[in-house]
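Number of protein chains: 2
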Amino acid sequence: MATLRRWVLKRRPHGEIQPGDLELIEEPIADLKDGEVLVRTVYLSLDPTNRIWMSDQDQYLPPVQIGETMRGGGIGVVEQSRSERFRQGEIVNPGFVGWSTHAVADEHAVHHVPTIPGVPLTAYMSVLGATGLTAWFGMIDIANPQPGETVVVSAAAGAVGSIAGQLAKLRGARVIGIAGGKAKCDWLVNALGFDGAIDYKNEDVGAALDRLCPNGIDVDFENVGGEIMEAVFSRMNNFGRMSLCGMISTYNQEGAIKGPSDFGRILMHRLMIKGFIIIDYLPRAAEAFAELGPLVMSGQLKWKAHVEDGLENALDAVGRLFTGDHDGKLLVRVSPEP
Amino acid sequence: MATLRRWVLKRRPHGEIQPGDLELIEEPIADLKDGEVLVRTVYLSLDPTNRIWMSDQDQYLPPVQIGETMRGGGIGVVEQSRSERFRQGEIVNPGFVGWSTHAVADEHAVHHVPTIPGVPLTAYMSVLGATGLTAWFGMIDIANPQPGETVVVSAAAGAVGSIAGQLAKLRGARVIGIAGGKAKCDWLVNALGFDGAIDYKNEDVGAALDRLCPNGIDVDFENVGGEIMEAVFSRMNNFGRMSLCGMISTYNQEGAIKGPSDFGRILMHRLMIKGFIIIDYLPRAAEAFAELGPLVMSGQLKWKAHVEDGLENALDAVGRLFTGDHDGKLLVRVSPEP
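Residue numbers (my numbering), protein chains in the order written: chain U, 1 to 338; chain Y, 1 to 338.
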């Protein structure tokens, strides 16, 4: 009898995720009903927001419940189908596949992945997936950088930040990235064309911002929160925009998330802060892909994937998001590409 | 020899404004040069932001310097003119007239007040002046309430708040006002048609919001800051907008202004916060007056002025803004209407 393996939330983490917080279980795969599809997971996306879903703090989707499969985005290949819309071997996105080797999904929750010859499958888990959409809507739709403006991106070498920064460069902005370590900073400047990079692990971020942003900061594409956000926020110019994409530095904490120390700056400097979650923008995805697709195909937009093999390694791998110990979009290859 | 009297900033207030912080001095009126106009002040506007200008905190205009005339908006009548653009007896707005019985102004800083028969002069210091513009741009341009949405206005019986709330009602929103005292709350509901009012001096604001906003809050027109802002912010719905007009509860404090305790709510609930200062919108004033003018002339929009007589009383009067001891737009009648 065919089995699947899936990670189940056993208890809510306190602080960093611990090995016993989730458990990998094996169980038989249920028989398909009419209209259902069995998808074998190929790639699973690991994202900072996974940590939010494990908690029961106030959040934008229901928390994963104790005993449930850990939620996660991914793509896979159809192994069996009792739907007329899907055939064996097709590459599909089954909605939230979960941290599981297989998903049994209703045909209405499953979508074909519109693969393009020459574009690797990992692109659809990154620059041509939710990651690229997050960067595009956060930077273009919300922050809307203008030529000559100064844009700061935190977690700039991350999957979203690196694309967001490149999109701001394409709009003619001056772009400064904040990242951890010399290698990431070098990549931002030398490979992606950022105008400057700040190694927050080895530099005083405030002093570096003063040096690299002599005209202040017009856009903060915020991924980190905490002290790094404070350093950027306190240097924002009149009419500055903060596109609040995430606050990874706070996700291992419990309780209320601290904001900038001087809320008055929003009034005095006429700032705009907007928080966003990419699921709200999915109906408008075509707007973003219309720009992202050609940029990927032409090689103008650069992106990287960091692939860890084996679902059993997902729990160890997700911790890399919080230490920065990964190089590009963090994925788990759950099974081979078809 | 003709003299003027003006209030000069002697020292920066700490906490509440004290009698010795400003001094009323008398001095000769300088002879006009070509292109200058002598304006006798009729009405002087007293506004919460006056307190900001007296401080040297980070702010949107240069602080009033020690020894300078206190900054203030107003209108007056031309007493002498060496400009071809202005004749004696005309009603004008000389830019920032200052807390002064007279202003000598360059003709390029002076504008005619486009008075309408039947509309009192005080209207141009209120609903058809910066007050009305503040309400309109903050509510309509920034918060953009939709029919059926729940809007909360703090300092709702104040000059700006009372107009902002009425504009939201005209857009079909459900509007709840927060004000100090039963009389103000009754006015909001009975005269202005608010759907509810909360007396923050005698009620638990959070509990009252829970009762009056059973579907949460979509728009916060924020004038107060501090605990009242916290109570509203913590009840904001997904996609809520905070139009940050002012934070009067904090203006007598020094140092950084505290924001909402859980900044994470902006992300999780996809909130938008935008601070604004009306001077940025003056080039677009016609958009607002196109709606405000007819509403005032038809009597659909209600507003009140609280007039104190005599420039010598300006310093005592400005304190009323912080205690709420006034009824409508707070003005000083510096000299009689022509």
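Check the hints yourself; a few may be wrong.
Repeated chains share a single entry, so a pair holds when one copy, or any two copies, can fit it.
What the hints assert, rightly or not - With a cut-off of at most 20 Å between alpha-carbon atoms, the simulated EDC-like pairs for lysine to aspartate or glutamate come out as follows:
#1 Lys258 to Glu227
#2 Lys302 to Asp58
#3 Lys302 to Asp34
#4 Lys258 to Glu230
#5 Lys302 to Asp195
#6 Lys10 to Asp204
Note that these hints are calculated values from the structure, not bench results.
* **Homomeric proximity label, lysine 302 with aspartate 195: Cα distance no greater than 20 Å** => Classified as within: same-chain Cα gap 16 Å, cross-chain 54 Å, threshold 20 Å.
* What label fits lysine 10 with aspartate 204 when the C-alpha limit is 20 Å: within, between, both, or neither? -> Answer is neither: 40 Å inside a copy and 40 Å across each miss the 20 Å cutoff.
* To do: At 20 Å max between alpha carbons, let me know whether lysine 302 reaches aspartate 58 within a copy, between copies, both or neither.
  => neither (35 Å within a copy, 40 Å between copies)
* To do: Could you place lysine 302 and aspartate 34 in one of the four classes (within, between, both, neither) given a Cα distance threshold of 20 Å?
  => neither (42 Å within a copy, 63 Å between copies)
* **20 Å Cα threshold - placement of glutamate 227 relative to lysine 258** => both (10 Å within a copy, 16 Å between copies)
* To do: Please work out whether the CA atoms of lysine 258 and glutamate 230 approach to 20 Å or closer within one copy, between two copies, in both situations, or in neither?
  => both (10 Å within a copy, 13 Å between copies)
The structure is inconsistent with the numbered hints 2, 3 and 6, although it conforms to all the rest.
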